[in-house]
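Undergrad: Please construct the entire structure, taking both the sequences and the accompanying hints into account.
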Amino acid sequence: MSVISLRLKDREIERINELSKMSHKDKSAVARELIDYGWEFLMIKQYREGKLSLSALAEKLELSVSEAIDLLSEFGVESPIDYDDYLKGFEAFKK
Amino acid sequence: MEMVFDSSTMILLAKSELLGIASENIHIIIPEMVKAECAVKNTFDAKLILALIGNKKIEVVTANQKAVGALRRDFKIHAGEAESLAVALKKQIPLAVDDLPTIKACKILNVKFTTAIHFLITITEKGRIDSEMALVKLEKLSFYGRYNKRIIDDAAKRLKGGKECRL
Chain F
1 MSVISLRLKD REIERINELS KMSHKDKSAV ARELIDYGWE FLMIKQYREG
51 KLSLSALAEK LELSVSEAID LLSEFGVESP IDYDDYLKGF EAFKK
Chain X
1 MEMVFDSSTM ILLAKSELLG IASENIHIII PEMVKAECAV KNTFDAKLIL
51 ALIGNKKIEV VTANQKAVGA LRRDFKIHAG EAESLAVALK KQIPLAVDDL
101 PTIKACKILN VKFTTAIHFL ITITEKGRID SEMALVKLEK LSFYGRYNKR
151 IIDDAAKRLK GGKECRL
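Order-wise, the sequence lines are chains F and X.
Using this note's numbering, the letters of the first sequence map in sequence onto residues 1 to 95.
Using this note's numbering, the letters of the second sequence map in sequence onto residues 1 to 167.
These are computed hints drawn from the structure, not numbers from a lab.
Ideal Cβ positions, reconstructed from N, Cα and C, are used throughout, including at glycine.
Any given hint could be a false lead.
Claimed, not checked - Which stretches of chain X does chain F cover? Using the computed rule of at least three CB atoms under 8 Å from a CB of chain F, they are:
1) 1 to 9
2) 35 to 46
3) 60 to 67
4) 78 to 86
5) 128 to 141
To be verified - Cross-link-like lysine-lysine pairs, in silico, PhoX-like; alpha carbons within 20 Å at most:
6) Lys-76/X <-> Lys-45/F
7) Lys-126/X <-> Lys-94/F
8) Lys-94/F <-> Lys-107/X
9) Lys-88/F <-> Lys-104/X
10) Lys-91/X <-> Lys-95/F
11) Lys-60/F <-> Lys-76/X
12) Lys-149/X <-> Lys-60/F
13) Lys-90/X <-> Lys-95/F
14) Lys-90/X <-> Lys-112/X
15) Lys-112/X <-> Lys-94/F
16) Lys-104/X <-> Lys-51/F
17) Lys-149/X <-> Lys-88/F
18) Lys-76/X <-> Lys-51/F
19) Lys-126/X <-> Lys-95/F
20) Lys-88/F <-> Lys-157/X
21) Lys-95/F <-> Lys-112/X
22) Lys-107/X <-> Lys-95/F
23) Lys-107/X <-> Lys-88/F
24) Lys-51/F <-> Lys-107/X
25) Lys-45/F <-> Lys-104/X
26) Lys-94/F <-> Lys-91/X
TA: Here it is as structure tokens:
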């Protein structure tokens, strides 16, 4: 692991302290967990906004596509496919 | 009828236990990268997909990598999605995909697209499963596919025979 220096706001330090006490983990571990959660949230948000494909989301989160689908289902993240696209989808079956 | 599948729709149908029935009605074609994406872990859906490939129900083809590179660059989509789109473009057949960036690319390139929920409706319309079972499958598909309420409501209506499906 590498070491870096960061300037944090008082509120952010309070949050790390609070989480550290709650989870009985050291501050570094808690900060790393928060970064992971933040990364996951941002990637899911980008997927939800249609900026990231499902496979790209899976890669960013180091998951298989199947696991990414399970994660999105678990969090109840709505698919970005809209009703117009759904209606257009029927045209593929027309002969 | 032939159709290219992206891993998103393929996995959704496998998780909803509809892929076997879909493969009996449609000749499913996937590029190598989609096979790799689907089989990367030893999950139930991976085993099902590999079994269907083994039984020749799903055909695996090689995509033109030059075309794949251009599609990835132009539409910022991933390798599996770009390979599926490249095969659909070359063969001039529809693409089954539950991924918005790839659907957007399909619209621009004039490639017909469809999603997992359309297969459930089609299979039911053709009498392959009854309405009661179709609604159970819809529940499963809505969990994994996470379609919006308007789509789910419309699909439920079609599955109950409330609106004629134009297929």
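Undergrad: For each hint, tell me whether it holds in the structure or not.
TA: Verification of the supplied hints:
no. : hint                   : in the structure
1   : 1 to 9                 : holds (count 4)
2   : 35 to 46               : holds (count 7)
3   : 60 to 67               : violated (count 0)
4   : 78 to 86               : holds (count 4)
5   : 128 to 141             : violated (count 0)
6   : Lys-76/X <-> Lys-45/F  : 17 Å, holds
7   : Lys-126/X <-> Lys-94/F : 14 Å, holds
8   : Lys-94/F <-> Lys-107/X : 17 Å, holds
9   : Lys-88/F <-> Lys-104/X : 12 Å, holds
10  : Lys-91/X <-> Lys-95/F  : 16 Å, holds
11  : Lys-60/F <-> Lys-76/X  : 14 Å, holds
12  : Lys-149/X <-> Lys-60/F : 28 Å, violated
13  : Lys-90/X <-> Lys-95/F  : 19 Å, holds
14  : Lys-90/X <-> Lys-112/X : 13 Å, holds
15  : Lys-112/X <-> Lys-94/F : 10 Å, holds
16  : Lys-104/X <-> Lys-51/F : 11 Å, holds
17  : Lys-149/X <-> Lys-88/F : 17 Å, holds
18  : Lys-76/X <-> Lys-51/F  : 9 Å, holds
19  : Lys-126/X <-> Lys-95/F : 15 Å, holds
20  : Lys-88/F <-> Lys-157/X : 17 Å, holds
21  : Lys-95/F <-> Lys-112/X : 12 Å, holds
22  : Lys-107/X <-> Lys-95/F : 19 Å, holds
23  : Lys-107/X <-> Lys-88/F : 10 Å, holds
24  : Lys-51/F <-> Lys-107/X : 16 Å, holds
25  : Lys-45/F <-> Lys-104/X : 18 Å, holds
26  : Lys-94/F <-> Lys-91/X  : 17 Å, holds
The structure fails hints 3, 5 and 12 (numbered hints given earlier, in ascending order).
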